[in-house]
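There are 2 protein chains.
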Amino acid sequence: MYDYQPPLRDMQFILAELAGLDDIARLPGCEEASADVIGAVLEEAGRFAAGVLAPLNRAGDEQGCRLLEGGRVATPEGWQPAYAQFCAAGWLGLSLPVEFGGQGLPKLVSTPVMEMWNAANMAFTMLPILNQGQAEALRIAASAEQKRTWLPKVVSGEWGSTMNLTEPQAGSDLAATRTRAEPQADGSYKLFGQKIFISYGEHELTPNIVHLVLARLPDAPAGVKGLSLFIVPKFLVEPDGSLGARNDVRCISIEHKMGIHGSPTCTLSFGEGGGAIGWLVGEPNRGLEVMFVMMNEARFGVGVQGAALAERAYQMALGYARERVQGRDAVSGAAGRPILCHPDVKRMLLSMRARVMAMRTLLYTAAGWFDIAHHHPDAAVADKHRRYVDLLMPVAKGWCTELGNDVCDEAIQVFGGMGFVEETGVAQHFRDARIITIYEGTTGIQANDLVGRKILREGGATLRELIVELRASATALSAAGLAELGDGQGAAIDALESATDWILANGREQLGEVLAGAVPFLHLLGTVCGGWQLGRAALAARARHAAGEGDPVYLDGIVELARFYMATLGPQAAAHAATVREAGGALTRFDEAAF
Amino acid sequence: MYDYQPPLRDMQFILAELAGLDDIARLPGCEEASADVIGAVLEEAGRFAAGVLAPLNRAGDEQGCRLLEGGRVATPEGWQPAYAQFCAAGWLGLSLPVEFGGQGLPKLVSTPVMEMWNAANMAFTMLPILNQGQAEALRIAASAEQKRTWLPKVVSGEWGSTMNLTEPQAGSDLAATRTRAEPQADGSYKLFGQKIFISYGEHELTPNIVHLVLARLPDAPAGVKGLSLFIVPKFLVEPDGSLGARNDVRCISIEHKMGIHGSPTCTLSFGEGGGAIGWLVGEPNRGLEVMFVMMNEARFGVGVQGAALAERAYQMALGYARERVQGRDAVSGAAGRPILCHPDVKRMLLSMRARVMAMRTLLYTAAGWFDIAHHHPDAAVADKHRRYVDLLMPVAKGWCTELGNDVCDEAIQVFGGMGFVEETGVAQHFRDARIITIYEGTTGIQANDLVGRKILREGGATLRELIVELRASATALSAAGLAELGDGQGAAIDALESATDWILANGREQLGEVLAGAVPFLHLLGTVCGGWQLGRAALAARARHAAGEGDPVYLDGIVELARFYMATLGPQAAAHAATVREAGGALTRFDEAAF
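Protein chains in written order, with UniProt numbering: chain A, 1 to 595; chain B, 1 to 595.
Okay, chain A solo, but in the shape it has when bound (with noise of 0.2 Å):
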């Protein structure tokens, strides 16, 4: 009904004036990513979501998978075809090592890509993205006979990837997962139990799949510390190199979802048969920690998602807002205007657009950070920028994903009624997103994450240093003749300092009055970190403007983007920090008995 159109202006804007692409494609390692090159990539992927994938979203949806007849999973219709395309074409392994046959472009790069396919169908990029962790989960703790048997594949999309971590009684919390390996006399092992939750968990897309399994080992201790890592394919795998038997894993049901309908939630059981066969990965015990460099990649993904599918609802409202006629201009009295002349329903487009913007300029900044960290040649530098992806990490995810749902829902009240009826599509993004909050750690996980390890361990240091940029950036706001706009940020920079004041005076003594504020502090941080990108635009904008560059429609239409957003989720940051002092006094005394 309304055509998914990349927003390729929004993203080389972003690219070339925030995230410092040409800065990236400096650093060593990164030479390839020119910004011609970015261009013609971004074009393409764009074209190949927007032609490709978009069009097979809803049909997915309707039709859903289908467990079959000895635990086979049909997926959609058209999800074959468009995954050999996918493949063939090399855009699984865009970010990957190039070693593994991967084309080793920046984070910076491959964010935008991303957020396209998700756009475009979350459902469907679900599958690479399983592929492209599990390359990461590999590339840090294979041996060098694991990857040359495995990656190639995984890299390629040859054969698909699973991630098996969740078990009913383990969900957030994974010390209590069961699964056991026992070692074979062989150097393999076999693995008995039951996950669930596991996404592409069995299909027919590829002739093989490669689970990794989080398991205990026998003599492993209790808790996190005694977990292990293995590789157990659906297949099991020649010595050279072809498919041999059918493995002791099968997937026993799947989940009836509000949405992704079209990617498989399969319950796996391993070891029904005698034992299923998997090889270990790192070393004993030590499973959690490469899920947890993984995890934080899994998570600024999920982030993504949220942007995403943000996007795209923001894009059918606008087109829906443009078309629909009703009512009359209540200023000119005008008849025969499209809703969007309502101040209403602009605000609520102006408030969707200002939302993926903050959410995008933040998550591509923090991909630019991600690069730098990696391969810039200063270690001063690249570990300061280390330190800002994972202090802001939980935010990338909880709080764009919060605002994912939250603009997907918008979208659906611009459409009125006509939004909770299927046919018009929207109310498939508004339910996708609802697990983008949950998976990969749910919002409070995030918050938690955020205040505790990120806050908390390092009394404040990191955030302390974001503060001091922040208020740099305020600074520069006024300086440029954009004073609304800096005082705005100053006064939501004021109450984030004073919220991480009482949290690192009190999370000594006060842990549960200070938890109980981890969300609300989630959001207060996300929404200066929005302020903070969008005034960024502002000035660049401004200055392109200035110097009679590009689109002063578009120009100025994104410095009074800005300025709305500092009107409407501004005055949001200094609510949240009262909340965060003094909602958990009255929480901590609340008598369960009294719910």
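Any given hint could turn out to be false.
Among the chain B residues that face chain A by a calculated CB cut under 8 Å, a handful are [what the hints assert, rightly or not]:
id, residue
1, 103
2, 172
3, 258
4, 350
5, 416
6, 439
7, 567
8, 571
DEER-style ranges, computed between Cβ atoms [as the list claims (entries may be wrong)]:
id, chain 1, residue 1, chain 2, residue 2, range
9, B, 593, A, 423, 52 to 62 Å
10, B, 593, A, 374, 32 to 42 Å
11, B, 331, A, 543, 30 to 40 Å
12, B, 325, A, 273, 25 to 35 Å
13, B, 59, A, 423, 23 to 33 Å
Keep in mind that the hints were calculated from the coordinates and are not lab data. Yeah, the Cβ is synthetic: ideal placement off N, Cα and C, and Gly gets one too.
Model the placement of chain B on the given structure of chain A, informed by the hints.
Positioned in the frame of chain A, the structure of chain B alone reads:
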């Protein structure tokens, strides 16, 4: 999985302590509503909701409705016997006039009853709600003969009812209505046109369906002042009351919706076979006035759906949080405890309960005002309460439906991955809830009504009167030793007053800017009113505790709930007020071409 528990304790507390049940039972015409009778009615309604309606809810969602051959519509299994039982018990006419077979109980009594039905099974409950609305319309506008013919069957539920307003080009804007009615020689009319989004537009739960249809007479003026109201029955009625020929109205499709699957949403075609026979209700061209009277009631009822779904989702989340064991207590380090021990999970539950209680107290209090407005012998008292009802109706509808959605959303978050899986049932409430901010006027429509008709048109007189009452309530909190509640509420009222001043100062010259802040203003007023009501609840709870009456754990919980509300939602008031004042400028300047 988690059975619905009628929240009778909370309901009784609010009715007795806050909504003035005793006073209302002394009003002329309300004498039946003694505390004993009401207690029995609520218990019995709760039993029916939990025992009959709630068990059908999930199956209704899963089966949905089907369009059969010949335009017939099948409703879910179990709907038929439940509806028969519902009507036989006389539930439908609970608050309808005694002279037409109703029980004439005050709205203060029917409101908690409606809440329970909606919480148990919203899709089912929409059917009797339609009868209640139609009965009200006929009572206001129908002739004595029409009342004799139709009202008893509508009030008993023997025949179903529908409201036919929306057309493809006429959604929020009824001025665009095209369905036409041609006068016939015998005094009847023939109707031609198509109506969409007609809830229970076709089904076989009742032998006849009475459609109330908005249409234009041949000589009607353009716009909303040219709309007339017609009765168009599915089967014509013979003079002896028996059913005659099938009328020329057909269901041509039903919508595939995101939620309320058990409620068939129909497209009805009138007059394809030569004209659907109908009768004019009330005066020509004044149909919308009748609709508007009804609409206030209908909007209030949708607000109640917000509280109802929120309560249901809260109960499920609480049940899950008390059972699900995961992780360690962050403060004590204890393992094996349910997730309710985690501060962030407790925060979510407390936030849900606080919002449910704020909504419920506001709605019941408003229901009491409604009864006073209708029955109080002192015209000045009646008038004051009528004005309060009118002022706050957009808040009761808009704010409670928005909060209802938020609470259902948060319930999914408590369930984590299990919330995204349809099996647990919490996803259904989230999907069902998504329509309530849309139908009977979107939140934007409510907010425009609030700012335009309810505030600007009378220069803010009633709102100023309400603010005086709010201030007195804040003062009373401080005087009773609940100073932090009084101070918080005082600050929130300051914010409300500043935003009100701004709207009144700018409404004439800057209407676009003012309307851009209408929804934030609605949230602001709702937030303040919710705090007001919970403040009253805290005062009452404290007084009862001091008097040694009631369960002290419950009563102290009410006080902490009010404090928690003030710490989490209270600070939003100032943020909303800032947005009301500041967002319109950037919104007005933003060029639509820059979207």
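Evaluation of the provided hints:
1. Interface restraint check for residue 103 of chain B: the shortest CB-CB distance to chain A comes to about 33 Å, outside 8 Å, so the restraint is violated.
2. Among the interface hints, the one on residue 172 of chain B holds; its C-beta lies about 6 Å from the nearest C-beta in chain A, closer than the 8 Å criterion.
3. The criterion of a C-beta within 8 Å of any C-beta in chain A is met by residue 258 of chain B, whose closest approach is roughly 4 Å, and the hint holds.
4. Because the closest C-beta pair between residue 350 of chain B and chain A is about 6 Å apart, less than 8 Å, the hint holds.
5. A hinted interface residue such as residue 416 of chain B counts as satisfied when its beta carbon comes closer than 8 Å to some beta carbon of chain A; here the least separation is about 5 Å, so the hint holds.
6. With 8 Å as the threshold, the beta carbon of residue 439 of chain B comes within range of chain A, its nearest partner Cβ sitting at about 7 Å, so the hint holds.
7. With 8 Å as the threshold, the beta carbon of residue 567 of chain B comes within range of chain A, its nearest partner Cβ sitting at about 4 Å, so the hint holds.
8. At about 4 Å, the closest approach between the beta carbon of residue 571 of chain B and any beta carbon in chain A falls short of 8 Å, and the interface hint on this residue holds.
9. Taken as a hint, the range 52 to 62 Å is violated for the pair residue 593 of chain B and residue 423 of chain A, whose Cβ atoms sit roughly 29 Å apart.
10. A hinted range of 32 to 42 Å holds for the C-beta pair residue 593 of chain B and residue 374 of chain A, which are about 40 Å apart.
11. At about 50 Å, the CB distance of residue 331 of chain B to residue 543 of chain A disagrees with the hint of 30 to 40 Å.
12. Range check, residue 325 of chain B to residue 273 of chain A: about 31 Å between beta-carbon atoms, so the 25 to 35 Å window is met.
13. The given range of 23 to 33 Å is respected by residue 59 of chain B and residue 423 of chain A, whose C-beta atoms sit roughly 24 Å from each other.
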